[in-house]
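Chemist: Chain by chain, the residues run as shown.
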Amino acid sequence: MLLSAKRLADEIRHGNEGESNGITIVPTPDLAQLERTGEASVNLRLGRWFVTMRLSNETAVNTIYEEDSNANKLSKQYFVPFGANFVLHPNRFVLASTLEWVRLPATYAAFVVGKSSLGRRGIIIETAAGVHPGFSGCLTLEIANVGEIPVKLVAGMMIGQLFVQGVEGGDGGTQSSLAGQRKPRLGQIQEDAILKKLMASRRLKAKARKMRENY
Amino acid sequence: MSLLHNSKRKLRNIQRSIDCILEGDFPITSGKNALLKLRDVFFELEKQLVRAGHIKGSAALVQIADTINLKVLQVLPILGFILRSTNVRNAFEVLEPLQTIADAALQGTPQLLLSSEWDYVPFAYPQSLDDLKSFVLIGLPASEAGSALLLPLAAHELGHAVWRHLGIDGSAGTTLQLRCEKLYEQEQETFKKVFPDYNPTDMLSMDVLPDAIARSVEYAVRQSEELFCDMFAYAAFGVSYLYAFAYILAPGGEHRDADYPLFSTRISVLLEIAKNEGDVLPTAAELNFGSETRRGDGRHQFIVRKAEESVSGITSALWEKVLEIFQKSDLQRPNRDLADRHLHQFRIGIPAHEPACLGDIINAGWLRHAEILKEAKSSRKVSEGLDHLNELLLKTVEVLEYRRRVS
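As given, the protein sequences belong to chains Z and R, one line each in that order.
Its first residue numbered 1, the first sequence is counted upward by one per residue in this note's numbering.
Its first residue numbered 216, the second sequence is counted upward by one per residue in this note's numbering.
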């Protein structure tokens, strides 16, 4: 069940004061306005750090776990002051983060939706749309310009909305207090044991086929 | 080889270098503004060169060619500084809050440039930047540039700009001159033993005394400036200045240059100030500083000792000056209760939501730093904990700026 405006505002008040079972959103949104409008979501703003993909001598982006990730080599960071523009050209993609640091206790999960007014201008905002219980940090936003003309993104502008819902059976504190970052990152891809086996079996089959051909 | 042609070429190349840097991204406008000012300097030199080139056998050409060489020599390191100030390893979030302190303390519109240098010692750029008079250039070590906990060191460097801007060196210099003269007069006998060649009636050796006094005054002024900057950083950041200072410099070396007060002196001066304010600071030993001595023979040691003695007599006046600057400019001093509130939030892994003063944020950061070192069970956990703390600190600093802008 989605949290109502009143409930959301109360939980943020508790969370920002450091109560571990509350919801933290820093900088604090305008809670009085939230209660007045009765919306079941909190507006999120665009942060100041951006990451783009850059040309390099890497042949491809790794999408599976590798010990030596090439993520940093493929990306370039930008810092944009409040109120200044980052221009996103057609068919280009950028990682950004929310200005807000969000922390959810084990009893809540959330999802992020991009501003529809931006969608109508060709800006598609996808996040790790589901925010898990125990998450802490600035949310990474994947922003693409699918329109035909360049679009100005302004650091500090409203970029999306956060809807929060309860998690049945969720209890206890947050999962980790050492997680969370302020900048967008390509992030580490987790090791996938099943995929590892699938890839190993494929390699074995190929090797066996080659041996048969040689004999 | 034509002097005119070579000078034109040098000007063209330095202008191209400036234009090339201008084409980059500037997360802060002060770097771009500094470059535009420097470009104007070279345009002006170009005009002068063309004029001088029209006069045959002109001494003016030699002079302007020399000036161009000197200017290129001065400006090249600054271009490197400006370029490094745009690197994303810098924690750009700290700039606005530091700029706010600079605006208030310097009572004007100084443009702050914070860079990450390939140099381990934090520094403020030399005073002789005539072309960039309204700019304050502070360099922090590149390897530590992203660390919010070391921000108090930038306040120390800002102190150098305040010292010069408010002309404190002049008034302190006069006082120190009088104090040194008095000290030398009181210790005439010791002086004669240390300087046996001194003879006030001999033309060749009568200058030994005034020369010694002049050197003592010179050292005393420089040491006073360092103490003033320590006090300025302490006033802005409280105890976290000492922690940042010790992080970078402890245990210190065996010897300390005469231009700097001994670490033990610097810390004991702040301990005394804190004591008078009802606060307790860690001692030099607790901050892991070893003992130091001065280099040099007996004569040098005597000169430095007199400098130190004269400085010790003006530390209270220096602190009063710092307090006066803070009061006049409405600069906020850190508050332990607010730092404790922030600390509670950092403990549960969230940024502080109502920060009001940079000093409180960094003080809370150092308190949390100590807790992480105590709690963590492995060096990996310490490293993770400190990295995360840095994220929380920088986000809190950003929230401070955000709140100021929207209030």
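Just so you know, these hints were derived from the structure itself, not from any lab.
As the structure is a computational prediction, the values presented were derived from the model and not from experiment.
Be aware that a few hints might be false.
Claimed, not checked - Straight-line alpha carbon distances no greater than 25 Å define the calculated DSS-like cross-link-like pairs of lysine-lysine that follow:
(1) K592/R / K76/Z
(2) K223/R / K252/R
(3) K247/R / K271/R
(4) K247/R / K152/Z
(5) K252/R / K348/R
(6) K397/R / K407/R
Said to hold, decoys possible - From chain Z, some residues computed to sit far from chain R (all C-beta separations above 12 Å):
(7) A5
(8) G15
(9) E17
(10) A32
(11) V61
(12) E100
(13) S117
(14) C138
A virtual CB, placed ideally from N, CA and C, is assigned to each residue, including glycine.
Chemist: Now, for every hint given, state plainly whether the structure supports it.
Modeler: Each hint tested on the structure:
Distance hint between K592/R and K76/Z is unfulfilled; the C-alpha atoms sit about 35 Å from each other, more than 25 Å. Simply put, K223/R and K252/R have alpha-carbon atoms about 19 Å apart, close enough for the 25 Å limit, and the pair holds. Annotation: proposed proximity of K247/R to K271/R is violated, straight-line Cα distance about 38 Å (limit 25 Å). Between K247/R and K152/Z the CA atoms are separated by roughly 21 Å; this keeps the pair inside 25 Å, and the hint holds.
Distance check on the hinted pair: K252/R and K348/R sit about 10 Å apart at the alpha-carbon level, within 25 Å; holds. This hinted pair checks out: K397/R and K407/R have alpha carbons roughly 15 Å apart, not beyond 25 Å. With a closest Cβ-Cβ approach of about 19 Å to chain R, A5/Z is found to remain outside the 12 Å limit, as its non-interface label requires. Here G15/Z does not stay apart from chain R, with its beta-carbon only about 8 Å from theirs, under the 12 Å limit.
Residue-level check failed: E17/Z sits 8 Å from the nearest beta carbon of chain R, not beyond 12 Å. Listed as outside the interface, A32/Z is consistent with that label: its C-beta sits roughly 14 Å from the nearest C-beta of chain R, beyond the 12 Å cut-off. At roughly 20 Å, the least C-beta separation between V61/Z and chain R is larger than 12 Å, which holds for a residue marked as non-interface. With a cut of 12 Å on Cβ distances, E100/Z falls inside the contact zone with chain R, its closest approach being about 9 Å.
Every Cβ of chain R is farther than 12 Å from the Cβ of S117/Z; the closest lies at roughly 21 Å, confirming the non-interface assignment. Distance check for C138/Z against chain R: the nearest CB is about 7 Å away, which does not clear 12 Å, and the non-interface claim fails.
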